[in-house]
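Can you make the complete structure from the sequences, with help from the hints?
There are 2 protein chains.
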Amino acid sequence: MNDPMSTALLTDHYELTMVQAALRSGAAGRRTVFEVFARHLPGGRRYGVVAGVGRLLDALSSFRFTDDELAFLAEHDVVDAATIDFLAGYRFSGDVYGYREGESYFPGSPIMVVHGTFAESVVLETMILSILNHDSAITSAAARMSHAAGERPLIEMGTRRTHERAAVAAARAAYIGGFATSSNLRAGFLYGVPTRGTSAHAFTLLHDSERQAFQAQIAALGPATTLLIDTYDVAEAVRTAVELAGPELGAVRIDSGDLAQAAVSVRQQLDSLGADKTRIIVTGDLDEYSIAALAAAPVDGYGVGTSLVTGSGVPTAAMVYKMVARADPDGELQPVAKRSVGKPSRGGVKAAFRRIGPDGCALAEIIVPDGPHAAQAAVTVPVNGGDTDPRDTHRPLLAPLVKDGEVVGGESVAAARDRRAASAAELPPEAHHLSRGYAAIPTVFAGPWGSP
Amino acid sequence: MNDPMSTALLTDHYELTMVQAALRSGAAGRRTVFEVFARHLPGGRRYGVVAGVGRLLDALSSFRFTDDELAFLAEHDVVDAATIDFLAGYRFSGDVYGYREGESYFPGSPIMVVHGTFAESVVLETMILSILNHDSAITSAAARMSHAAGERPLIEMGTRRTHERAAVAAARAAYIGGFATSSNLRAGFLYGVPTRGTSAHAFTLLHDSERQAFQAQIAALGPATTLLIDTYDVAEAVRTAVELAGPELGAVRIDSGDLAQAAVSVRQQLDSLGADKTRIIVTGDLDEYSIAALAAAPVDGYGVGTSLVTGSGVPTAAMVYKMVARADPDGELQPVAKRSVGKPSRGGVKAAFRRIGPDGCALAEIIVPDGPHAAQAAVTVPVNGGDTDPRDTHRPLLAPLVKDGEVVGGESVAAARDRRAASAAELPPEAHHLSRGYAAIPTVFAGPWGSP
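Order-wise, the sequence lines are chains A and B.
Residue 1 is where the first sequence starts when you use this note's numbering, and the numbers rise one by one after that.
Residue 1 is where the second sequence starts when you use this note's numbering, and the numbers rise one by one after that.
Accuracy of the hints is not assured; some may be wrong.
Which copy is meant is left open, so a pair is good if it fits within one copy or across any two.
In silico EDC-like pairs for lysine to aspartate or glutamate, Cα to Cα no more than 16 Å straight-line [claimed, not checked]: (1) K343 to D258; (2) K277 to E248; (3) K277 to D300.
In case anyone wonders, no lab produced these hints; they're calculated from the structure.
In structure tokens, the structure reads:
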């Protein structure tokens, strides 16, 4: 399902002034290729996860300027009449290739490649980056939390800690990253993310006693519900909870204090009361580090809020959208690159392959010039000066997403979630270390690009 | 102007299950008072700025469950039929008081107070917190950057570094925080934020030479435009720029390298070419610290992206929404508070005043029990054990925002922007130190609440 609001003004002012100037200079219709890539993995991460692709394809379909929006642009002299005319008829007609949602990426991976005229491609820059940078940051953090949690389910509950619409995207991104459920109802409505929730401290405080609150909740939601036990005294709450719900009590939630210590004593108390099937859910400022630290505690699930929706210290991926080729006056594509100090880019249209060893473990990201022989070229690229192994396989990473302006790469959120798990599983084990480090596999550029 | 999309599902699942259980227990209609406050100022900040109030009032007006949304809730068994009926008729009918947008706040400030039945008030929790936490985090960071920039204008250009809709709110929040302009077109369209922009490196790369690109831009946007001079060689770009635009060249932008050093040499070069009125705009991973460090450099404006939209290390304010009072079985409001370890709250309905000394400098946040005599009580509250000064004034901080469900506190973004500047100006000078520290003024609770 598509969020129907117009997306065309989710765009930086300068994208439109560039269109105006290019329409005037005659360069607006030149064929160009733009590439999305990240110069580095922020925060000492060892891999990143591409997310937001599905949302981006939806947003691209809604990228049309409404009459009200065009009137705004005219009235505020954002651009001239000729540009308004161009925008009124705007419809992206080019091709987009990209890493599929849930795929791992590394520094320099050509995550998305946009072929089209300059004018039709440049106006998409801001929206493409907003969506990919936000969603990839969340899924990349979620993936680390999922690995730390192991088989224990993660519940996303950070909606209140981020922008109200970003929260919906974050819930979707967390689910792709391996979370089991979310508190966010709109993420259920729009994307089919499973939603869960029971009660907050306010529900206990509303009633004249904790006992009455528990009774009310069990009456309404059944004994398999999750009771929140830290409003007053935890031990008394556990006693009351099992007394009222019986051993079928589904779960208890602890939201404060030393969670490891509390889990141990609550587990003992539940077991002694015969509620040995009742699960213990912990919440309260968890991140991948505290989740890992709770591995030995008798915890059955984690609720994660702030750290998830803020990317656990990395609220945005470092992706940029750079022109890598454009047609010369004869119509031939020529590589282009800026030379800005500290921020250079590699010109040229690229193809990308994940090299996988015979044991199924990813070895390298191989980047070669795009073209009919790219796959053959990739096979021969040496990594770290070593020989190539004929048993290695090479998974192509750029899939067609848009063809002649039509979305051809749509897929379900469930498919992206499965891909995320599979792609992470084939990374070398050190990819999942939580400490700061370097990219888990090298990105090898075999082409006429030189070093970045 | 209002973003028209339905807001009712921007809500945590558990808000609705609590309504279901409270409808069943009979407590759903109890009168309650919820309070928004922050236990601390994150990141060692010395004051926070309340933002998002205007967006929240808009979102509250759109908080109605559509038929599609109700069908989703029923189909997925989120809540039972009685609750669906309640939600179908949902319309907030209570009162909301709050700090006005742009006002400074401190730990424990009762930023927003919601009076209504439990059921109608609890379902607003998630949306209220999402909006206030996001926008306040951005405006609080923007305010620090504004102080660091002094008279030099700040340009918000972080859209591509955050969720595409969060970016619109961030542009609005930055403007309230003192930024002059934004790149975000939708923020102009929805909120009247002034938008600006000229060109990116891609525009230079598109043309066969930098000279042709500059010619094209000047032809389309006039010589008063801003030319981006770091695509290839900065000194050559400056020469070309002044040759083509003449001394009327509006500005040049530097986006890479050592910005202070580059600004000095570009200034010298511009002056030597007679372009002594041409301004220098710097961009590229700036935050309040690097802005402050550029104070002595010949810079005329700053573009800020990532650090603004991510709250400069603090992407969310720490606001929570807690029940502080509810009616007892006789209908009398009683204070309530949870006792969770490390996360206690103060029960009781509060009034808040900013005490201002005779020199116009803020001295304290005074919190007293709400009621007809609150203002008189606030005057007598001692701060730090000292005597009160009869010349002190006390500005009431809680204004009526919603009365009987109708918005009564709407105001323009410009009014919020002016308030932000005025409120910041009356804080003691140490409030604006960039180093980590404590709240710039104490929050004094004079009531039956004890310590938190």
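Evaluated hints:
1. K343 to D258: between (45 Å within a copy, 12 Å between copies)
2. K277 to E248: within (7 Å within a copy, 77 Å between copies)
3. K277 to D300: within (10 Å within a copy, 66 Å between copies)
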